[in-house]
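What follows is the residue order along each chain.
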Amino acid sequence: MPFILNEDKALKALLTGITVSDFKSNSRSVGVWFGQPDVEIRNQSYPYITIELIDITEDRARNNRGYGKLNYAPEGLDPTVDHYSELPVPVDLEYQVVSYARQPMHDRMILSSILSKKLPLRYGTLEIPEDNTLRRVELLGHRKRDTTEGGKKLYVNLFSIKVSSELFYSKIVAAAAAIEHVNIALSTVTNINITPPA
Amino acid sequence: MANTNDLREVIHQIGDQLSKKATANLRSQAYDSGWPTELSRKLTVTHLGEGQFKVTYPEDLEDQILDQEAGTQDSPANPVIRTFMNRFTDSTSHYDDMLASVINKWQVF
Chain C
423 MPFILNEDKA
433 LKALLTGITV
443 SDFKSNSRSV
453 GVWFGQPDVE
463 IRNQSYPYIT
473 IELIDITEDR
483 ARNNRGYGKL
493 NYAPEGLDPT
503 VDHYSELPVP
513 VDLEYQVVSY
523 ARQPMHDRMI
533 LSSILSKKLP
543 LRYGTLEIPE
553 DNTLRRVELL
563 GHRKRDTTEG
573 GKKLYVNLFS
583 IKVSSELFYS
593 KIVAAAAAIE
603 HVNIALSTVT
613 NINITPPA
Chain D
45 MANTNDLREV
55 IHQIGDQLSK
65 KATANLRSQA
75 YDSGWPTELS
85 RKLTVTHLGE
95 GQFKVTYPED
105 LEDQILDQEA
115 GTQDSPANPV
125 IRTFMNRFTD
135 STSHYDDMLA
145 SVINKWQVF
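If you read the sequences in order, they're chains C and D.
Count along the first sequence from 1, add 422, and you get the number used in this note's numbering.
Count along the second sequence from 1, add 44, and you get the number used in this note's numbering.
A hint or two may mislead.
What the hints assert, rightly or not - Some chain C residues near chain D, calculated using beta-carbon distances under 10 Å: (1) Asp444; (2) Glu474; (3) Val503; (4) His505; (5) Ser507; (6) Val511; (7) Arg558; (8) Leu576; (9) Val578.
If you're looking for bench data, these hints aren't it; they were derived computationally from the structure.
As the structure is a computational prediction, the values presented were derived from the model and not from experiment.
For glycine and all other residues, C-beta sits at the position ideal for the given N, C-alpha and C.
Turn these sequences into a full structure, and let the hints guide you.
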């Protein structure tokens, strides 16, 4: 999949798998959605998490110009050979991750899981299997936004995160393979006398 | 040759000028993005000093502003403050340029 879709998919995969428990249920998995699910669905599926892409910016601090060897094989290219191209443009994808829970215990469990494992304050990474890269994930901030909906308490956590990515604008060329064998066909050589023009 | 007080004053003025321009841009961006006028016009880019800027708004409007910025269960996020500030760091180089020209002109060092 191309740029952004890979990051979306990986982020969803990263956030999937959080479970919460309470006196009614030993283990309840926390759903992950892109944007808000329909009212009918979300009423049955608390707690849940939403992901929204909110900004794409060029990361000038990582910017380089020139032609060079790439550190990885972009998606769809042979990872066993080196690739060369105009250096890619570094970009940051900013996402908003929001968790919703009806019970305070669920809210704390989600908060704990996200901050300790999924989106840590230090050394956060996002694995993109399509190009076999580990992307930097920075937690920019967390905000509590608890509210009341229909007379019921709703526990809300808002996380802003930044995922590093790169965009290629020029053709990517695979390195020429080293020559291993040279086959030479020998044949009889005939001498021809050529008279140069006067 | 300028003294320290003169320099402080000019730093303050440069920051204020830039924050006024930025406030106008932020408000127009919020309005263009569909934020209600009563919220857009209350956003301000404040100069905290030494080239640091922050978006501020009245406390009583915080919930409404965050509902616009981050969305709610019934409305999607419409991020204006974060997208504005992401790009504003580029324009603060203007602050550095202005400051550098004053320092050169006044032969501070």
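So, going through the hints one by one against the coordinates:
| no. | hint | verdict |
| --- | --- | --- |
| 1 | Asp444 | violated, 21 Å |
| 2 | Glu474 | holds, 5 Å |
| 3 | Val503 | violated, 37 Å |
| 4 | His505 | violated, 30 Å |
| 5 | Ser507 | violated, 26 Å |
| 6 | Val511 | violated, 15 Å |
| 7 | Arg558 | violated, 16 Å |
| 8 | Leu576 | holds, 8 Å |
| 9 | Val578 | holds, 9 Å |
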